[in-house]
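I would like the entire structure built from these sequences, with the hints used as guidance.
Protein chains in written order, with the working numbering: chain C, 830 to 1198; chain D, 830 to 1198.
Derived from the structure by calculation, the hints contain no laboratory data. Remember, it's a predicted structure, so these values are computed and weren't measured experimentally. Be aware that one or more of the hints could be misleading.
Repeated chains share a single entry, so a pair holds when one copy, or any two copies, can fit it.
Each computed SDA-like pair below joins lysine to any residue, with the alpha-carbon atoms no more than 20 Å apart [said to hold, decoys possible]: (1) K996 to T1158; (2) K1022 to D986; (3) K996 to H1074; (4) K1010 to P1035; (5) K1022 to V1080; (6) K1156 to G1109; (7) K1156 to T903; (8) K996 to T1160; (9) K1029 to L998; (10) K1029 to S1081; (11) K1022 to G1086.
2 protein chains.
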Amino acid sequence: MSRCDEVQEVVLQEPCDMHVHVREGAMCELVTPMVRDGGVSVAYVMPNLQPPIVTVDRVVQYRARLQELAPQTTFLMSLYLSPELTPEVIHEAARVRAVHGVKCYPAGVTTNSDQGVDPNDFSQFYPVFEAMQEEGLVLNLHGEKPSSKGDCDGEGDGINVLNAEEKFLPALEKLHADFPKLRIVLEHCTTAKAIELVRKLNQQVPSDSDPVVAATITAHHLLLTVDDWAGDPVNFCKPVAKLSHDRRALVSAATSGERCFFFGSDSAPHPVENKQRYRGVSAGIFTQRYALAYVAEVFEAQGRLDTLQKFVSDNARRFYRVAGEAKNTVTLYRRDHVVPELVTNNSQTVSVVPFMPGETLHWDIRWQK
Amino acid sequence: MSRCDEVQEVVLQEPCDMHVHVREGAMCELVTPMVRDGGVSVAYVMPNLQPPIVTVDRVVQYRARLQELAPQTTFLMSLYLSPELTPEVIHEAARVRAVHGVKCYPAGVTTNSDQGVDPNDFSQFYPVFEAMQEEGLVLNLHGEKPSSKGDCDGEGDGINVLNAEEKFLPALEKLHADFPKLRIVLEHCTTAKAIELVRKLNQQVPSDSDPVVAATITAHHLLLTVDDWAGDPVNFCKPVAKLSHDRRALVSAATSGERCFFFGSDSAPHPVENKQRYRGVSAGIFTQRYALAYVAEVFEAQGRLDTLQKFVSDNARRFYRVAGEAKNTVTLYRRDHVVPELVTNNSQTVSVVPFMPGETLHWDIRWQK
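Below, the structure is given as structure tokens:
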């Protein structure tokens, strides 16, 4: 029974998920079609394969494979920031329109980040950033300092999973100061402090200009706090979900309609056996299959379904300059359904636990023909 | 090869572990003899069985069973604070010397705490506390406020796993003010703030008197911080390990020799299948099998093996008034050995992951004949 003043449907144009992990092999075959199942038509794909994607040839091949698996989805691609990634690769990638950005992983903070960089000193990459600024490519930052090994020597707490993002923020400020025209995205931000900084950096821009610094927000960080991953590895990801006031700041930013905040699910599938372990649980939450439904739950609870189009599409398309004509329309409509415990491929060789297994979602999607 | 100035052996009299979970059934048969294997001769046993222990008959039966399983170990017993526990039960328990204390679990914070109490209002138990004060029984507090359901309404963060102990501390202060002669132990304390409060409450006591408020400290909280349980369910327990400055405060208190701090392992065995789950991981770390070896690692790193006897025995025996003659002597000696991945019973029906599986410990124990 629906109340007569309740919104029953929300029509969305060209929904974008600006941070997607679709992996390779059997996992890729399973999850890539689910980008569309989740209500998303444009996906920005992360390059943290093994080995990471650092050449134009490889990114072109990877895109072709994804396009084959999901012909109706538009895949935007990225390169992995590493010493192999020279300014020449950037210029070549731009010339053949292979990528929209370059992803920077601090070494050792998350899945396949072993070959990442030292966020205490980006100077070796300044020629690459120069080339990116010139070519109009976006810099995507995993904004965490790596945890201190053991205790710090001093009186403080060093870097831990709770303050790793906050401790990274000065590096973001410095990068923006050094490359004021380089578009930068602080990916999957999790703290009130990060939201505050992204807003502050945008206040320095003329009000009719587009943002130069933006942040993506995941579906799960709109819903979780530290208590949700303590004892529940299904909810463990990096950066970890923080405190209630952080979650509230993320919800407020996402539903505000502000141009500098848009959706990036950081959907990160891991085989179930890597999530049910007593040690070394893989960091990552798989949200792709129900991406828009999770987000709709949050926007509805805030009474802000009116700003959903901006968060899941307009702000991203404008920032990434992929606006053009919207070709795909999806309808979110009210329907209760239970998230399965596992999402499995036909040959039963790969299973992934989706976010909120066994819980009821209140929205489903259908594509317009 | 040992350095000539290195301590090679530490002889300890009557080591005590003042917070032990030994369960029932097959698990009890497996872990109870391991109290002695870990170097402990006196163990204070927790009453959170299913159903909880609230009668004198049951505690006497339980002690008899434990004594049968481990005849050389002395078991001190406790009752579970609940509405069924009347002042009459307290007087009877004291008369027959069945227990040394009463354990208070806030409802819903840890294993088998469903029948716990509301720590926002202890007033219904004041008659019980009166009886305990009169009889000289100890009140053992699991010092956490239960987490807020969802977000709090206000601007703050409500109660979460990180601040749950700190938020409990005013309740401890009030109990001590209302029952100044009731001996209280803040169990398995995890924060610098808790250490500070216990010290402060003891400064109010004449310097030649014994402490009225004490705290137990576990082996694992001397070794872990939040980063160690994020993604590693083997290290997940309640209260959760906190930040580096908290850990340093615990190490400093434990190694100080101060009478108000002593060892309580909170060793909490769970079947391995309850630790390797993607949801609902059991809270608890199994340290019993190598209890003194873990603690010795910490004391040696601080150069304080000289205070180990106080922490693992003297302070506890004095506080609990079980000093008497020390009948058991254990020698900690230098020997490298690797902690197994699993501890399993003979019939292979129960397996438990010990703390620090696969890691090397540098101390082992042998009992004097």
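### Query
So which hints don't hold here, by number, going up?
The structure conflicts with hints 1, 6, 8, although it agrees with all the remaining ones.
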